[in-house]
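Visitor: These are the residues of each chain, in order.
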Amino acid sequence: NAGVTQTPKFRVLKTGQSMTLLCAQDMNHEYMYWYRQDPGMGLRLIHYSVGEGTTAKGEVPDGYNVSRLKKQNFLLGLESAAPSQTSVYFCASSYSGTGGTEAFFGQGTRLTVV
Amino acid sequence: SQQGEEDPQALSIQEGENATMNCSYKTSINNLQWYRQNSGRGLVHLILIRSNEREKHSGRLRVTLDTSKKSSSLLITASRAADTASYFCATDAGNNRKLIWGLGTSLAVNP
Chain H
1 NAGVTQTPKF
11 RVLKTGQSMT
21 LLCAQDMNHE
31 YMYWYRQDPG
41 MGLRLIHYSV
51 GEGTTAKGEV
61 PDGYNVSRLK
71 KQNFLLGLES
81 AAPSQTSVYF
91 CASSYSGTGG
101 TEAFFGQGTR
111 LTVV
Chain U
1 SQQGEEDPQA
11 LSIQEGENAT
21 MNCSYKTSIN
31 NLQWYRQNSG
41 RGLVHLILIR
51 SNEREKHSGR
61 LRVTLDTSKK
71 SSSLLITASR
81 AADTASYFCA
91 TDAGNNRKLI
101 WGLGTSLAVN
111 P
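The listed protein sequences derive, respectively, from chains H and U. Counting with the working numbering, you get residues 1 to 114 for the letters of the first sequence. Counting with the working numbering, you get residues 1 to 111 for the letters of the second sequence.
Looking at chain H on its own, in the form it has when it is part of the complex (with noise of 0.2 Å):
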């Protein structure tokens, strides 16, 4: 059982270059999640599902674009990266019953844009 998988876990961009993060989870999740971590910034919600073909936005949405067209993946996409955008990157799941919301988390992605 592999959980909630991320690719890449590393990655260089330059300036105005454009990326797309994979998230992939195998728990017939209906919720996703991409959060960002930055230093003594705590996570931060970028964007989420609630299922297939849905998004919507979080708290820090500006600057990433989302897609959600199979169940089991949530893409992350930054479109021309800003230095502002290096952070490390996670994704999660949930399952949407009634037992609570825990989520599990990917092992992340650092992005770095210089």
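Okay, derived cross-link-like pairs now, BS3-like style, lysine-lysine, Cα gap no bigger than 30 Å in a straight line: (1) H:K71 x H:K9; (2) H:K57 x U:K26; (3) U:K70 x U:K56; (4) U:K70 x H:K57; (5) H:K9 x H:K57; (6) H:K9 x H:K70.
The set of hints was computed from the structure by calculation and includes no laboratory data. Computed from a predicted structure; not experimentally measured.
Starting from the known structure of chain H, fit chain U onto it as the hints suggest.
Guide: Just chain U now, kept in the frame of chain H:
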């Protein structure tokens, strides 16, 4: 905006001692969760406590919740060097399943 605020921001103890971390939040919640993050890794769920629960145990972990004070505490008993990590609280306050995160407590357990 961050809902949870962990206290202290950093904690250093000796192996075998107990570690207590606190989390305060601002709004009514459905549940509160604690997560651990080892350096350079993803977060791992530790325990979830619902708003109608006051205390919960899991192995060496004990979590309490005081909804009147909007606060929770995580106690790790008989700490080990392997407990060295950052600990985050997260609250579930609405129907859209978004968690709101605190800034974390960095725990160092010295051998």
